[in-house]
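J.: Chains as they are written, first to last, in the working numbering: chain U, 157 to 597; chain P, 157 to 597.
None of these hints come from the bench; they were simulated from the model.
Warning: the hint list may mix true and false statements.
Which copy is meant is left open, because identical chains are indistinguishable; a pair holds if it fits in one copy or across any two.
Quick list of in silico lysine-lysine cross-link-like pairs, DSBU-like style, CA-CA up to 30 Å [stated by the list, open to error]:
1) Lys172 - Lys575
2) Lys188 - Lys573
3) Lys224 - Lys325
4) Lys575 - Lys220
5) Lys188 - Lys325
6) Lys224 - Lys510
7) Lys573 - Lys229
8) Lys183 - Lys573
9) Lys229 - Lys510
10) Lys325 - Lys510
11) Lys173 - Lys183
12) Lys575 - Lys173
Number of protein chains: 2
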Amino acid sequence: MRSEGGYRGLALRVLKKHGVNVGDEIKVVTEKGEYVGILMPRSELEDDEHIVIKLENGYNIGIKISEKTVVEKIGEVRPRKPLKREAVAQRETLPLVCLIGTGGTIASRIDYKTGAVYPSFDVGYLLRMEPRLSEVARIEARELFNVFSEDMLPKHWSAIAEEVAREIKRGARGVVIAHGTDTMGYTAAALSFALQNLPVPVVLVGAQRSSDRPSTDAVQNLYHAVLVAAMSDIAEVGVLMHESTSDTSSIFIRGVRTRKMHTSRRDAFKSVNFPPLARVVGNRIQPLVEDYNRRGSRSLVLKNRFSNEVALVKFYPGMDPSIFEFLADRGYKGVVLEGTGLGHVGSYLFDGIKRLIESGALVVMTSQCLNGRVNMNVYRTGRILLSLGVVPGEDILPETAYVKLCWIFGQTSDLEKAKELFTTNIAGEFCERSYFSVYGW
Amino acid sequence: MRSEGGYRGLALRVLKKHGVNVGDEIKVVTEKGEYVGILMPRSELEDDEHIVIKLENGYNIGIKISEKTVVEKIGEVRPRKPLKREAVAQRETLPLVCLIGTGGTIASRIDYKTGAVYPSFDVGYLLRMEPRLSEVARIEARELFNVFSEDMLPKHWSAIAEEVAREIKRGARGVVIAHGTDTMGYTAAALSFALQNLPVPVVLVGAQRSSDRPSTDAVQNLYHAVLVAAMSDIAEVGVLMHESTSDTSSIFIRGVRTRKMHTSRRDAFKSVNFPPLARVVGNRIQPLVEDYNRRGSRSLVLKNRFSNEVALVKFYPGMDPSIFEFLADRGYKGVVLEGTGLGHVGSYLFDGIKRLIESGALVVMTSQCLNGRVNMNVYRTGRILLSLGVVPGEDILPETAYVKLCWIFGQTSDLEKAKELFTTNIAGEFCERSYFSVYGW
C-alpha cells in the first residue's frame, strides 16, 4: 500500500479503513478521548503510530492510534486529487510554483452529465486550460481541501498558512492559492499576519465565473497569479483578480487591503486606502508602489494560530446596547466596532462598551465608510470613546481588523501586549499617509 | 408672554418654568405617570392644557398638564434658535423653502472665544454666508433639534418626517434638512419610506468641514440643496453633497441609495447600484436619470412610525452562531443579514438562523459587497438559506434594508404582510436592471 500524505503502515491502514484523506475534517475516537480537527500531512520519515490533526485553536497534535481507533469524517471536504504531472511535459528549468486548491469557483467545474460540481485541481487540466502556464513555471498542484469560502474558519486560515510554509520550505519560488471569492479578503489578511519574513510571493486567486463558462475570468486570473508567483519580486501575500470587466489586465492587491466590493462583476476586488501592489498586462508585471517587501533568501516565520474569541460588530442607529453585555458575558477577548464616519457610535452604547472593556476585552474602532481614516479626536463622541479605552483603528479595514485581532489573540492572552500588537503595523494594514487617489466610484 | 412653538397660557408657563423648548427630549411627570419623548410644536389654535410629545415608538401623545406638572429636560438637545428674518431682505415672490436643522457639522460653528460649538441655524447667518441663497428662494430656517448624527434614532427619523410633512402642508415648495453626515444615509432612507406620495423635493444636506473653515463644503452644499428644493422637479427624498473634492459640482442622490464611503473627503457620499438623480453645476440642475418622481400637487401621505425591534448583523468567518439565539430570545421582529458575495453565510450558522426564523422573525439577506445584487440560486449555500425562509434583498443596501424593516414593523406586525412589503419596491430601493456603470473605485 503506497504512502498517502506521508502516512504509511498502521496509520495509513486506519485512515483507509475509515475512508479519510489528508485535508478532511475528522473526529478521532481513542481510548483517551475524542479529538476533532483537520487531518494534516506528515513527513514520511516519522513513525506510523500517530496521526496529526489541526485543532480548532490552530494547534497541531499527534494522536497515538491503534487498529481499534475509530476515525470519522465530518463536514464536507473532498479528497485531494492526485497530481497528474504526466499530462503535459513541464520544463524542469522553470521556477517551481506550488498551487494549493482550497475550494471555490476557480477550483471547480460542472460535470454536465451529472450536474455535480467537482474539483478541477489537477495540473493536466490547468495546463490544457492555459498552455502559457507551462512557459512561466513548473507547477505542482494539490488540493488541500474543498470548502466554500463562506465556510472558511480561522482553523482553515491556519491550515493554509502551514501548507504554504511547507511548500516554501520545499523550495517553491512562489505559492498560488485558489480560493472562493466570498471571504478571500479575510483569508488574505490572515495569511499576511501568519506568514512573516516572507521570502517569496504568496498569491490568492479566485474566479467570479467558473472555468467552463465562456465568460470565465479563471484563466487570466490563474495565469497572472502564477506569473506573479514565479516572476515578480513582490514577496507579499496578495490577491490577484481582474482589474476591469475586460480581459486586459489584472491587479495584485496587498492582502490586508483587499475587499470584495461587488457581488458578481469580474472586477469585484478593490484595494482600499492603498494602491494595488502591481498591475499585470499580458505577461508584464508593473509594480504600482515602491514600498513593498522584496523577494529574498530570508527564512519564513510561521505564526499561524488564530483565536475564535473575537467578534466584529457593525453599528447602526438604534442598535441594542445589550449586544455588548452578550459579548462581555461570553468572554470575548477582542471586539472590532464598525462605527460611522470618523469612528463614532451612538452615546446610548457608551455604557455597554465600557462594561465590555471592563470585562477585559480589547475594543477597537474602524469605520463602515471603509475608505479613509478613523480620527476620534475631532468630535466629542470620539473623545469619549477614547476615554473609555476604545483603540482607534486608523486606516485599517474592519475585516482586516477582525482578522488581526483573531491573530493577535492566537499569539498572546496579555491585554497590554495585544494592544501593542494591534497598533503596530505588521503587514501594511496601517499607512502613515492616506492614499487619497485610491478612491472613486 | 409670547407663544413658543404654538404653546401659550398654562402650557407655556409650565414649559418656561422648567426651561424646556420644542425639540428637547423631556420627561413629564404627572399624577397619571411618567412620559419620555421629544416635545413637539402645536397649532396655536389648540388648548393650553396639553403638551404633545413624540414617544420612542413614534406615536405622538397629548399629556394633560397642571401648574404642578414637572417637566424635566433630558439628553443634550439645544433650544431652537429664533428666526432672524430681518437680517437680510428676502423676496416674497420667490418659492418658499423650509430649512430644518437637526445638528451636525453643517449646523454648527465654533465660538473662537469659548471654543464651544454652537448652532448657526438662523437665516441671517446663512444668507450672509451665501448671498445667492436669497436669489433662488425665500427661506425659513428652524432648528428642530441639535443631535450628533451618530445619536439619531428611529424616533428622530419619525420627528423629522413629521416636521417635513408640516412644512409641506404649510406650503413649502421644497424642504432642506441639515443633518450630520455619519448617519445621513440612514435618515434619508427613513424619510424615503415615511414620506409617501411626495409633492416636492426633500433634500438632506451636510458638510464634511464646518462652515467657518476655509475648506468648508457647507456653502456650496447648502446653496445647491436650496436650489434643488426650490427649483428642481425631482419630488424625492435625497442627499445633496459634493461630487468631487473640488467645488465644481454637487450630486443629488436618491435617499435609499445613499452611502457615506469615506471618513473625511468632501466627496464621501456615493450612490450605490443606481445613478445619482441629478448633478448641480453653478445654478444649473442636470437630471441624470429619467425615472424619478416628478413634482406635483398630490397630497403627501405621512407614515412615520418605526419599530426598534430590528437588527443588522454582519457576517464574518468564524461568527458565533449564538448571536441568533440572542436575537431570537429578545424577540426581534426583523433581522438584516449582511452576508458575503451573492448572499451567503457559513453553514455553521444555518441552525441559528433557522431558530431565529422559527421564533417569528423576518430575516432578509443583503451583501457586504454593497455593490451588485444578491442571488441565492447560484450556489448550494444560497439555496439552503432560501429553503430556511431567508428573504433575498436583491440590490438593496444593507443599511437601507435595516431602515426598511424598522419602517415595515412600524406599519404592521403581521409577518406575511411584512414580507410582502419588504419585497415591494417602495422608494427605488429595488431596481429591475442593475446599473453596472455606477461602480468604480
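J.: Next step is simple, just say for each hint if it's right about the structure.
T.: Evaluated hints:
For the homomeric pair lysine 172 and lysine 575, neither the shortest alpha-carbon distance inside one copy (46 Å) nor that between copies (50 Å) is at most 30 Å. Within a single copy, lysine 188 and lysine 573 get their C-alpha atoms no closer than 36 Å, and across copies no closer than 55 Å, so neither meets the 30 Å cut-off. Taking the closest pair of Cα atoms, lysine 224 and lysine 325 never come within 30 Å of each other, the shortest separation being 35 Å inside a single copy and 83 Å across copies. In this assembly of identical chains, the alpha carbons of lysine 575 and lysine 220 never lie at most 30 Å apart, being 39 Å within a copy and 55 Å across copies at closest.
In this assembly of identical chains, lysine 188 and lysine 325 lie within 30 Å of each other by CA distance neither inside one copy nor across copies; the values are 34 Å within and 78 Å between. Taking the shortest alpha-carbon separations for lysine 224 and lysine 510, neither the intra-copy value of 53 Å nor the inter-copy value of 38 Å comes in at or below 30 Å. In this assembly of identical chains, the alpha carbons of lysine 573 and lysine 229 never lie at most 30 Å apart, being 38 Å within a copy and 44 Å across copies at closest. When the C-alpha separation of lysine 183 and lysine 573 is checked against a cutoff of 30 Å, the pair qualifies neither within a copy, at 35 Å, nor between copies, at 46 Å.
For the identical chains of this complex, lysine 229 and lysine 510 are inter-copy neighbours only, at 25 Å across copies versus 44 Å inside a copy, given an alpha-carbon limit of 30 Å. With identical chains, the CA atoms of lysine 325 and lysine 510 are never at most 30 Å apart, being 46 Å at best within one copy and 45 Å at best between copies. Within a single copy, lysine 173 and lysine 183 get their C-alpha atoms as close as 14 Å, which meets the 30 Å cut-off; across copies the closest is 73 Å, which misses it. Within a single copy, lysine 575 and lysine 173 get their C-alpha atoms no closer than 48 Å, and across copies no closer than 50 Å, so neither meets the 30 Å cut-off.
Hint violations for this structure: numbers 1, 2, 3, 4, 5, 6, 7, 8, 10, 12, all remaining hints satisfied.
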